[in-house]
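Build out the structure end to end from the sequences listed, making use of the hints.
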Amino acid sequence: MKVDKPKLVIVGNGMVGHHFVEQLCEQQLNRHYDVTVFGSESLPAYDRVQLSKYFESSSADSLMLATETDYAAQGVGLQLGQQVSNIDQHNKQLTVNGETVFYDTLVLATGSFPFVPPIKGNDRRDCLVYRTIDDLEAIEQAATTAKSGVVIGGGLLGLEAANALSALGLDTHVVEFAPQLMSVQLNDRGGELLKQKIEALGLGVHLSKATQEIIDGERAQHRLNFSDGSFLETDMIVFSAGIRPQDALARECGISIGERGGIVIDDCCLTSAKDVYAIGECALWQQQIFGLVAPGYQMAKVAVSQIAKQLLDNSLVSPATEALRFTGADMSTKLKLLGVDVASIGESRGFEHAQYVELSDVQAGVYKKLWLDETGEYLRGAVLVGNVDDYSHLLSQYLSGEALEDPAVTLLMVDDSAPLVLKDNAIVCSCHQVTKADIVEQVIAGKHQLAEIKSCTKAASGCGGCAAVVQQIIDETMQAQGLETESGICCHFDYDRQALFHLCQVENISDFEQLYQLHAKDASKLALGCDICKPVAASIFATLENEYVLNEKHVALQDSNDAYLGNLQKDGSYSVVPRVAGGEITPDKLIAMGQIAKRYDLYTKITGGQRIDMFGAALSDLPAIWSELIAEGFETGHAYGKSLRTVKSCVGNTWCRYGVQDSLGLAIALENRYKGLRSPHKIKFAVSGCTRECAEAQSKDIGVIATEKGWNLFVCGNGGMRPRHGDLFATDLSTEQLVSYIDRILMFYTKTAARLQRTSVWLESLVGGLEYLQSVIVDDSLGLGAELESQMSKIVASYQCEWKTSLQDDVFLQRFNEFINPNDAPLRDETQYQYQRAQKFPMSSEVQTFGAVTHGLSKTGDIAITQLDEEEVLV
Amino acid sequence: MNWITICDEQALPAKRGIAAWVAGKAVAVFHLGDAGIYAIDNIDPATGVSVLSRGLLCEFDNELYVASPLHKQHYSLTTGRCLENEALSIDIYEIKRQSGKILARLPA
Ligand SMILES: Cc1cc2nc3c(=O)[nH]c(=O)nc-3n(C[C@H](O)[C@H](O)[C@H](O)COP(=O)(O)OP(=O)(O)OC[C@H]3O[C@@H](n4cnc5c(N)ncnc54)[C@H](O)[C@@H]3O)c2cc1C
Ligand code: SF4
Ligand code: FES
Chain A
1 MKVDKPKLVI VGNGMVGHHF VEQLCEQQLN RHYDVTVFGS ESLPAYDRVQ
51 LSKYFESSSA DSLMLATETD YAAQGVGLQL GQQVSNIDQH NKQLTVNGET
101 VFYDTLVLAT GSFPFVPPIK GNDRRDCLVY RTIDDLEAIE QAATTAKSGV
151 VIGGGLLGLE AANALSALGL DTHVVEFAPQ LMSVQLNDRG GELLKQKIEA
201 LGLGVHLSKA TQEIIDGERA QHRLNFSDGS FLETDMIVFS AGIRPQDALA
251 RECGISIGER GGIVIDDCCL TSAKDVYAIG ECALWQQQIF GLVAPGYQMA
301 KVAVSQIAKQ LLDNSLVSPA TEALRFTGAD MSTKLKLLGV DVASIGESRG
351 FEHAQYVELS DVQAGVYKKL WLDETGEYLR GAVLVGNVDD YSHLLSQYLS
401 GEALEDPAVT LLMVDDSAPL VLKDNAIVCS CHQVTKADIV EQVIAGKHQL
451 AEIKSCTKAA SGCGGCAAVV QQIIDETMQA QGLETESGIC CHFDYDRQAL
501 FHLCQVENIS DFEQLYQLHA KDASKLALGC DICKPVAASI FATLENEYVL
551 NEKHVALQDS NDAYLGNLQK DGSYSVVPRV AGGEITPDKL IAMGQIAKRY
601 DLYTKITGGQ RIDMFGAALS DLPAIWSELI AEGFETGHAY GKSLRTVKSC
651 VGNTWCRYGV QDSLGLAIAL ENRYKGLRSP HKIKFAVSGC TRECAEAQSK
701 DIGVIATEKG WNLFVCGNGG MRPRHGDLFA TDLSTEQLVS YIDRILMFYT
751 KTAARLQRTS VWLESLVGGL EYLQSVIVDD SLGLGAELES QMSKIVASYQ
801 CEWKTSLQDD VFLQRFNEFI NPNDAPLRDE TQYQYQRAQK FPMSSEVQTF
851 GAVTHGLSKT GDIAITQLDE EEVLV
Chain B
1 MNWITICDEQ ALPAKRGIAA WVAGKAVAVF HLGDAGIYAI DNIDPATGVS
51 VLSRGLLCEF DNELYVASPL HKQHYSLTTG RCLENEALSI DIYEIKRQSG
101 KILARLPA
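Protein chains in written order, with the numbering used here: chain A, 1 to 875; chain B, 1 to 108.
No wet-lab data here; the hints were simulated from the structure.
Output of the computed footprint for chain B on chain A, the stretches with three or more beta carbons under 8 Å from beta carbons of chain B:
hint, segment
1, 519-529
2, 569-578
3, 808-819
With a straight-line Cα cutoff of 20 Å, these simulated EDC-like cross-link-like pairs (lysine to aspartate or glutamate) come out:
hint, chain 1, residue 1, chain 2, residue 2
4, A, K521, B, E59
5, A, K553, B, E59
6, B, K25, A, E818
7, A, K454, A, E441
8, B, K15, A, E513
9, A, K309, A, E22
Values in this document were obtained by computation on a predicted structure and should not be read as measured data.
Idealized CB from N, CA, C, for every residue including glycine.
If you want it as structure tokens, here you go:
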């Protein structure tokens with residue numbers, strides 16, 4: 001007899017509801033239950049914490065935590081856009097869309113909703129809230145016509161909303177009822193400093209203002225009238241006056257609700273109703289609501305473990321294990337609001353009989369206050385504004401619950417250079433409750449990369465704030481094990497690429513022998529090095545001097561591709577790739593290229609970079625092919641070098657009816673500016689003429705997308721084996737600004753990246769990530785801006801077509817004789833090629849025609865070939 | 001096998017390779033100044049393609065190698081053995097200088 005599995009229903013597919021399902025599947029409980037999730041939003045769970053990132057790309061893609069397919073794959077039913085309207089706790093059933101659904105176990109993860117104060121006029125046009133992707137779409141829409149915006153509420157979320165409005169180009173104001181900003185976390189002095197910093201950014205801050213009504217404005221859509229008689233006009237309004245637990249469903253069916261809202265739960269996350277749990281922001285535990293995601297995740301874990309225990313108890317097979325219990329959560333936070341660092345720990349606003357130490361450095365714009373217990377021995381809370389470097393240190397001190405070893409005042413001035421000493425049980429990642437010991441254990445087990453630690457412990461995969469500390473623990477642990485933390489590039493040098501670059505620059509080293517004698521590990525008269533350090537040195541010299549890569553001094557350092565200015569193919573022949581800047585080519589040049597390819601019997605293919613590769617050139621034919629190409633006006637495409645490849649583009653507003661800028665013109669100009677730049681790895685660009693993004697700029701190292709007002713710059717994207725969407729770096733730039741940022745970014749990358757490190761990995765390896773890069777490039781925080789730009793202009797000015805130079809150099813040309821004694825050698829063997837699809841291929845290749853794909857499509861064979869192309873079978 | 005003249009000594013480029021045709025076979029010749037002149041089979045045994053003369057020279061633990069430009073295996077210039085794969089090895093030629101000329105032959 002088939003026994004039906006018990007039914008487990010989850011209401012709400014927000015962050016916590018989703019985490020619950022993940023935990024459930026991890027414990028394989030989805031095999032024992034028939035699981036169904038109802039979510040009232042139309043999208044599956046997304047990362048609400050990072051919600052504001054939606055504005056970076058106007059898309060929710062990067063925020064998604066799961067897809068409907070993921071749910072289906074786990075056998076979990078996911079019903080989106082379905083609001084549960086009623087619970088009958090006695091008959092254990094729900095109503096959804098008028099239909100009845102039974103449950104054995106119910107989990108409420110309904111989250112919370114934004115509180116909109118009962119002000120007259122709060123339902124006028126463009127009066128919005130900030131909680132869901134739908135809300136952000138509405139804000140984006142309203143901002144297209146609005147010139148100004150007001151955020152009502154100066155708390156954490158209000159300031160985040162203000163940041164978004166200001167980034168959308170609105171004249172932005174924050175209106176707060178209390179006499180200070182962020183009154184939940186900060187004390188008055190901290191709030192005052194934050195206000196000054198925000199005002200300095202050009203935002204209006206209006207404190208102690210109670211809005212009485214919203215009416216028609218004279219100069220803008222709305223007027224806010226305040227109780228003190230003053231007013232403010234604005235085109236749109238975002239309410240961010242706090243959140244309220246979404247408890248209506250539980251309230252109506254008689255489940256216990258707290259006095260001020262919230263579904264009452266016990267330590268097992270159970271509500272007053274049998275078999276009904278509540279987790280996340282809708283739950284009230286010991287009179288507390290937790291408005292952060294980490295405590296919600298803990299509740300999800302507790303609920304899963306309780307359900308697992310119940311299953312075991314019922315099956316009577318093994319003795320009941322101890323299930324987890326919820327024991328409260330730490331609400332400490334660290335964040336950057338409008339570019340200002342703010343952190344609060346524990347009882348950040350003080351308490352009765354507390355002692356404190358305080359630092360207020362008006363010059364540096366830093367405020368810190370630490371709260372101690374009445375004996376002054378234990379740290380109980382802290383606020384930090386302007387500089388939060390000590391956050392991890394203070395948090396671990398606070399969480400450890402141990403007495404301070406030194407007078408508290410010393411904690412205000414932690415020495416940056418002293419390494420942070422964390423206790424084993426210190427929580428390093430508060431988003432996922434990962435301790436130092438958890439990380440150390442994995443490092444010892446052989447996981448040495450931040451990415452590996454992220455996936456096996458989850459540390460640093462939430463808000464990301466702990467990444468630097470996690471990296472530090474990895475390094476310390478590896479050093480303690482006597483392992484080298486990857487530094488030396490090869491067995492000849494103990495330095496990484498960045499350090500070598502620095503040495504060559506400051507000591508003015510420009511040849512390999514000198515570098516070897518001065519800095520290699522072991523002395524050797526030959527100073528030969530190897531196939532790792534030689535090309536690295538060549539690339540460094542090229543960046544510093546941009547000399548002709550094949551001058552006698554450097555030629556022995558170059559990889560085969562660079563040494564012969566061609567790309568070596570599997571059969572020992574080379575490919576020839578002339579530059580076609582921006583993919584724009586005249587019919588005459590196309591014809592000329594075709595004739596040359598025909599003359600030398602070259603296989604031709606159009607590449608993803610919008611140019612034409614010609615394969616199968618014999619070494620000894622390269623000079624002749626290139627002199628013909630150069631005579632027709634072509635120049636080298638640097639396809640053989642670790643350097644700028646192509647700037648892909650669409651036609652932009654020159655032809656396309658959607659285009660808003662001349663993307664093609666810009667692409668050609670950029671390609672001509674950066675061609676020849678040697679770098680740690682190849683670099684690709686693209687420019688699109690409007691947000692439709694036909695050039696796929698977001699998958700490139702440097703991506704530019706035209707806007708009505710200028711250019712949006714995306715950085716460090718990647719296609720290839722490890723695809724990565726570029727990050728939005730800056731918006732609405734003028735062309736001059738754009739070029740100056742790109743100059744700086746590329747030079748900074750070239751100087752600091754590791755050997756063969758693409759920009760995507762480089763960005764991820766920078767401590768502080770995108771924000772750090774922005775501070776270096778935009779705010780010039782390292783004071784390097786001018787130097788980077790002048791290095792780049794030196795490189796741009798000294799550009800030469802390497803093939804053109806080489807063709808005038810007899811010594812160079814001799815190198816293309818296949819044999820040093822050509823008279824003794826036999827004639828070239830032409831039988832090494834076969835002909836397929838009317839072109840030549842190496843004899844050793846199996847050229848497939850994919851009969852199964854073209855079969856039956858014979859009339860529309862073109863389509864089949866296009867599809868194959870798109871999968872990049874060949875590239 | 002007899003000694004075969006390949007070229008003038010001064011025609012050899014310094015610290016990198018060049019291919020020569022010796023008795024019906026392609027040979028890679030490397031001139032390392034005071035450290036000597038070396039000649040090995042030009043065919044990369046991992047791929048069967050004639051390219052070793054275009055590889056980069058390397059020194060590991062006082063032993064000289066050339067890195068195949070195709071898949072980067074290292075072959076010793078003195079023993080012919082492959083550093084990464086014991087199953088692979090190449091022939092080594094003897095070299096001598098005679099009145100400004102370079103001569104090569106396969107050892108008996
Ligand atoms: C802009 C912003 C920034 C934030 N920043 C941070 C931060 O830096 N750090 C941090 O820790 N937290 C932050 N938070 C808070 C964090 O997002 C929440 O703590 C977290 O999302 C709570 O998860 P939840 O699943 O409990 O609720 P939610 O994510 O709100 O999910 C609840 C879901 O249930 C659905 N639902 C409700 N009722 C029903 C019903 N009757 N039937 C079906 N479905 C229903 C809702 O539509 C919703 O999708 C931020 C929040 C916002 C809005
Ligand atoms: S990106 Fe915009 S401008 Fe460029 S081709 Fe596509 S639609 Fe046209
Ligand atoms: S603290 Fe948020 S990811 Fe670690």
